Amino acid sequence: MADQKWDLIIRPKDKLLSVDFAELWRYRDLWSLFVKRNIIIQYKQTVLGPVWYIVQPVLTVLMYMLVFGGIAGIATDGVPQPLFYLAGTCMWQYFSDCLTRTSDTFTGNAGIFGKVYFPRLIMPLSAMTSNLLRFGIQLGLFFVVYAGYALLAPDCGAHLNWYALLFPVLVVMLAGLALGFGTIVSSLTTKYRDLHVLFTFIVSLWMYATPIVYPLSLTEGRYLFGVPLRTVMSLNPVTPVMETFKYGFLGAGEFIGWGALCYSLGFMAVILVLGIMVFNKVQKNFMDTV
Amino acid sequence: MAAVIEFENVSKQYRLGLVSTRTLTHDLNRWWQTSVLHREDPYLRIGSVNDRTKAADSEYVWALKDINLSIEEGDIVGIVGSNGSGKTTLLKILSRVTGPTTGEIRMRGRIGSLLEVGTGFHPEMTGRENIFMNGAILGMTKADINRKLDEIIDFSGCTRYIDTPVKRYSRGMLVRLAFSVAAFLDPEILVLDEVLAVGDKEFQAQAVAKIRDVSLEQGRTVLFVSHNMDNVRSLCKKGILLEMGQLTAQGDINDIVDRYMAK
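Protein sequence lines correspond, in order, to chains C and Z.
Residues in the first sequence are numbered from 1 upward in steps of one, following our numbering.
Residues in the second sequence are numbered from 1 upward in steps of one, following our numbering.
These are calculated hints, taken from the structure and not from any lab test.
BS3-like, lysine-lysine: derived pairs with alpha carbons at most 27 angstroms apart:
no. : chain 1 : residue 1 : chain 2 : residue 2
1   : Z       : Lys-237   : Z       : Lys-210
2   : C       : Lys-36    : Z       : Lys-167
3   : C       : Lys-5     : C       : Lys-284
4   : Z       : Lys-167   : C       : Lys-44
5   : C       : Lys-36    : Z       : Lys-142
6   : C       : Lys-284   : C       : Lys-15
7   : Z       : Lys-237   : C       : Lys-5
8   : C       : Lys-13    : C       : Lys-284
9   : C       : Lys-5     : Z       : Lys-238
10  : C       : Lys-44    : Z       : Lys-142
11  : C       : Lys-191   : C       : Lys-15
12  : Z       : Lys-142   : Z       : Lys-210
All figures in this text were calculated on a predicted structure; none of them were measured in a lab.
From just these sequences and the hints, can you work out the full model?
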């Protein structure tokens with residue numbers, strides 16, 4: 001019988017590198033409902049609700065000012081410490097939230113996935129969308145503090161420049177990198193949980209390998225096992241994103257260069273393709289091993 | 001009548017025991033044999049019959065073995081068999097929750113499957129919010145649900161509680177609400193696994209009537225797993241019998257049920 005007659009053929013294996021965008025679009029309502037659900041659930045039975053989104057970065061920044069700015073005396077590229085740390089924390093928080101949520105896709109949703117079919121990719125995508133809300137609120141805080149400085153202390157050293165227009169690209173890059181790494185971790189942990197144990201630990205270490213609490217310029221002229229520290233740091237695909245954000249909005253340090261940004265972009269493309277391949281391989285039968 | 005679902009040599013293999021370093025050794029060996037040496041998967045050749053009561057002689061078991069089956073449009077097919085005979089595995093593969101190990105399934109039309117009542121229900125959300133959530137998970141759009149919302153609420157008989165979080169519902173009320181969403185799903189193929197087990201007498205009768213209506217009036221195809229032989233007999237026309245992962249009989253539902261009861 002001819003294949004065209006059938007709407008759906010279930011086989012043991014599917015193509016590795018394919019994303020059915022039409023199917024994702026058909027399930028867009030589910031996507032938006034999951035986004036809504038993620039947000040509603042976080043507010044349930046809390047008195048302060050979304051205010052918590054602001055308390056967390058404020059406390060983090062105060063801690064950084066105490067430890068890294070105060071005790072360790074690390075420079076912040078001539079920009080006021082609160083602005084410098086706040087910029088880094090907001091961006092990093094979005095990245096690490098997306099990463100941890102995506103890495104939990106299979107193990108965390110086994111209950112639903114075991115009972116019904118819908119494109120599995122909906123889960124990480126909706127988590128990333130709902131994280132945008134939190135990111136937006138924290139970014140709002142950043143701009144409020146920024147406006148405060150601009151009004152009260154115009155000579156504080158922070159100044160906006162044209163590179164700030166790259167902001168949407170930077171957010172897409174963070175989301176793409178998180179989705180790529182997250183799907184790989186998620187796929188690898190369905191059968192062997194070893195990686196999951198390592199993962200939370202790796203994410204917190206990764207933050208220190210990214211210029212959040214210190215500027216990249218501080219690595220200039222330092223060496224790690226004979227290799228320039230700056231080169232080592234630049235291998236981290238998140239570094240150019242952070243540096244560009246801080247340069248564009250605060251004028252901190254100097255522009256990291258288009259080459260470094262393209263490196264991050266290329267890294268993101270490779271990790272996304274790889275992530276989708278592993279994801280496709282695992283999603284069909286993961287229920288048997290999770 | 002044209003076939004809407006065709007199973008061709010569908011098998012499903014499961015591994016027994018725990019995931020351990022031994023699993024890793026097997027995985028590496030499988031990868032080496034199939035990807036590097038381009039040989040057949042060595043673990044597909046072994047594997048024993050799915051007999052729950054006997055000790056295993058192999059680490060692999062065939063939960064389903066060589067199922068060949070053709071289901072025609074408008075059929076209400078009852079799937080019977082004892083615990084662990086592969087009924088749910090069959091429905092899971094059909095619903096794309098898990099993939100087959102070998103073989104192929106071809107089907108035509110939208111499939112709506114109800115392997116559990118209230119998939120995706122969140123206890124903190126209200127009945128109304130959960131209708132949308134559950135409907136969307138089952139493949140409905142918001143517009144679909146909005147159009148049928150009143151009917152769904154009415155059918156469930158939970159009108160008074162519809163804006164209360166479902167964590168306050170009783171188990172029976174949850175089932176009623178969940179089944180009501182599924183009943184208005186309008187798929188061409190409806191897959192039901194033991195969903196009528198909970199719920200009071202009145203609701204069971206209502207549900208059976210709804211399934212019959214969906215199938216007879218609207219010409220939908222229904223696959224139905226249940227241990228309640230009265231329900232199976234009254235609902236289905238055809239049946240299949242699964243024994244230890246193998247399809248041992250198919251045909252008229254009364255013959256199938258008699259054969260199952262006689263065992």
